[in-house]
Amino acid sequence: DAKTTQPTSMDCAEGRAANLPCNHSTISGNEYVYWYRQIHSQGPQYIIHGLKNNETNEMASLIITEDRKSSTLILPHATLRDTAVYYCIVRAFSGTYKYIFGTGTRLKVLA
Amino acid sequence: DTEVTQTPKHLVMGMTNKKSLKCEQHMGHRAMYWYKQKAKKPPELMFVYSYEKLSINESVPSRFSPECPNSSLLNLHLHALQPEDSALYLCASSQPQGRGRDYGYTFGSGTRLTVV
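For the protein sequence lines, the chains are L and W, in the order given. The first sequence maps to residues 1 to 111 in the working numbering. The second sequence maps to residues 112 to 227 in the working numbering.
A couple of the hints might just be wrong.
[Stated by the list, open to error] Below are the BS3-like pairs computed for lysine-lysine, each with C-alpha atoms no more than 27 Å apart in a straight line:
(1) W:K152 <-> W:K130
(2) L:K98 <-> W:K149
(3) W:K152 <-> L:K108
(4) W:K120 <-> W:K151
(5) L:K98 <-> W:K151
(6) L:K98 <-> W:K133
Worth flagging that the hints you see were computed from the coordinates, not collected in a lab. Treat the numbers as computed from the prediction; the structure is a model and nothing was measured.
Work the whole structure out from these sequences, hints included.
The following block contains the structure:
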């Protein structure tokens with residue numbers, strides 16, 4: 001089973017910040033949180049990842065709570081091209097480490 | 112080269128056909144993965160290869176047969192598929208995951224398979 005839960009869908013006005021939450025309450029101490037997005041019918045695209053500290057790159061910022069049980073992906077100025085399904089992933093272990101996708105958040109950026 | 116290349120991009124096959132999907136990467140990754148994605152659903156893990164050896168088979172029917180001939184190539188052989196097997200098939204690669212080592216995956220663009 002996926003180790004993360006996310007809202008099913010969100011809307012965001014173009015030019016505004018999109019804040020996408022994720023719960024990962026069973027995360028282990030050395031497990032990273034990864035964010036990917038999938039634009040219609042393409043392969044998932046890496047966005048950002050983090051362990052404890054907040055992270056920022058040219059695409060987004062990642063805020064991880066101090067207890068590491070939840071995180072928020074921030075797209076600072078959403079554009080129409082950011083419309084996609086966003087997946088928050090913490091890997092699972094059953095003999096071997098693997099990524100199990102949760103249902104993700106369908107973000108729609110509105111003009 | 113930071114890409115995972117999947118071919119073909121689209122495939123239509125009959126239920127009695129045999130076909131293969133191909134995945135290639137030149138990033139030096141030693142773990143490779145097959146996922147299946149139905150419309151409006153998240154990707155589902157099918158197989159994991161680590162150092163060219165099959166390490167996970169997520170109870171996938173035998174009509175799907177994976178093969179990892181070398182560290183850069185991953186194939187998925189298809190035989191006697193059903194219409195419900197129509198889906199987007201995604202390949203990914205990474206460095207092998209281990210305790211404390213999480214390198215993330217690089218995904219290909221997928222093969223859109225239609226079984227008629």
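Evaluated hints:
1. W:K152 <-> W:K130: holds (24 Å)
2. L:K98 <-> W:K149: holds (19 Å)
3. W:K152 <-> L:K108: holds (17 Å)
4. W:K120 <-> W:K151: The hint holds at about 19 Å.
5. L:K98 <-> W:K151: With a Cα-Cα distance of about 22 Å, the restraint between K98 of chain L and K151 of chain W holds, given a limit of 27 Å.
6. L:K98 <-> W:K133: Status holds; Cα separation ~21 Å.
Consistency with the previously given hints is maintained throughout, with no hint failing.
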